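Peer 1: Residue numbers for the sequence shown follow the working numbering, so the first one is 1 and each next one is one higher.
Some hints could be false.
Distance ranges between label pairs, derived from CB positions [stated by the list, open to error]:
(1) 106 - 80: 21 to 31 Å
(2) 16 - 74: 33 to 43 Å
(3) 110 - 69: 44 to 54 Å
(4) 88 - 109: 31 to 41 Å
(5) 21 - 110: 48 to 58 Å
(6) 109 - 21: 17 to 27 Å
(7) 107 - 75: 45 to 55 Å
(8) 104 - 58: 40 to 50 Å
Rather than coming from a laboratory, the hints here were simulated on the basis of the structure.
Note that this is a predicted model, so its numbers are computed, not measured.
Just so you know, even glycine gets a beta-carbon here, dropped at the ideal spot from N, CA and C.
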Amino acid sequence: MTMPTTTVTGTVRRLEGGWFERLAWVVLVWLSLGFLAWVPFLYVGIRRGLSSDWAAFCSFALYEVSIVTCTVASDNDDSDAYFGAMFLITLLMATGMLLFAMFDKKAPTAAPAYGAGHPSPNPYQQGYPYGR
């Protein structure tokens with residue numbers, strides 16, 4: 001659940017994303033095998049600027065640093081199952097957040113009132129089809 005942010009000037013900062021954009025970010029995360037999982041969260045943090053967005057970015061960046069460090073430093077084959085489980089859990093968490101939590105839903109637009117979309121050539125005959 002993300003909520004729009006109001007800035008000092010009173011404008012609402014929203015980040016609307018369609019399903020194509022969401023799926024493109026998920027494909028980036030999966031095709032990079034999780035090494036670029038922090039990139040979409042950096043994008044959202046810069047665009048929207050919520051503290052929760054920056055927390056998500058920091059957590060995925062910390063994951064990246066820690067998993068690479070632990071993988072390089074580990075010479076024990078018993079920890080491979082834990083790294084695999086952590087890897088899959090992180091990819092699934094990033095996928096869920098990108099698909100359902102990070103982007104705001106598109107705001108519904110109100111339909112214009114009848115006749116508001118086009119000006120009438122004669123302002124005295126608005127709403128009178130028979131020329132009264």
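Peer 1: Look at each hint and say if it fits the structure.
Peer 2: Against the structure, the hints come out as follows:
Between residue 106 and residue 80 the Cβ separation comes to about 43 Å, which falls outside the hinted range of 21 to 31 Å. The supplied range of 33 to 43 Å is met by residue 16 and residue 74, whose beta-carbon atoms lie about 42 Å from each other. A beta carbon spacing of about 52 Å between residue 110 and residue 69 agrees with the range 44 to 54 Å that was offered as a hint. For the pair residue 88 and residue 109, the beta carbons lie near 40 Å from each other, so the given range of 31 to 41 Å is met.
Checked against the given bound of 48 to 58 Å, the beta carbons of residue 21 and residue 110, roughly 24 Å apart, lie outside it. Separated by about 19 Å at the C-beta atoms, residue 109 and residue 21 satisfy the suggested range of 17 to 27 Å. One distance hint, 45 to 55 Å for the beta-carbon pair residue 107 and residue 75, holds here, with the actual separation near 53 Å. Checked against the hint of 40 to 50 Å, the C-beta distance between residue 104 and residue 58 comes to roughly 21 Å, which is inconsistent with it.
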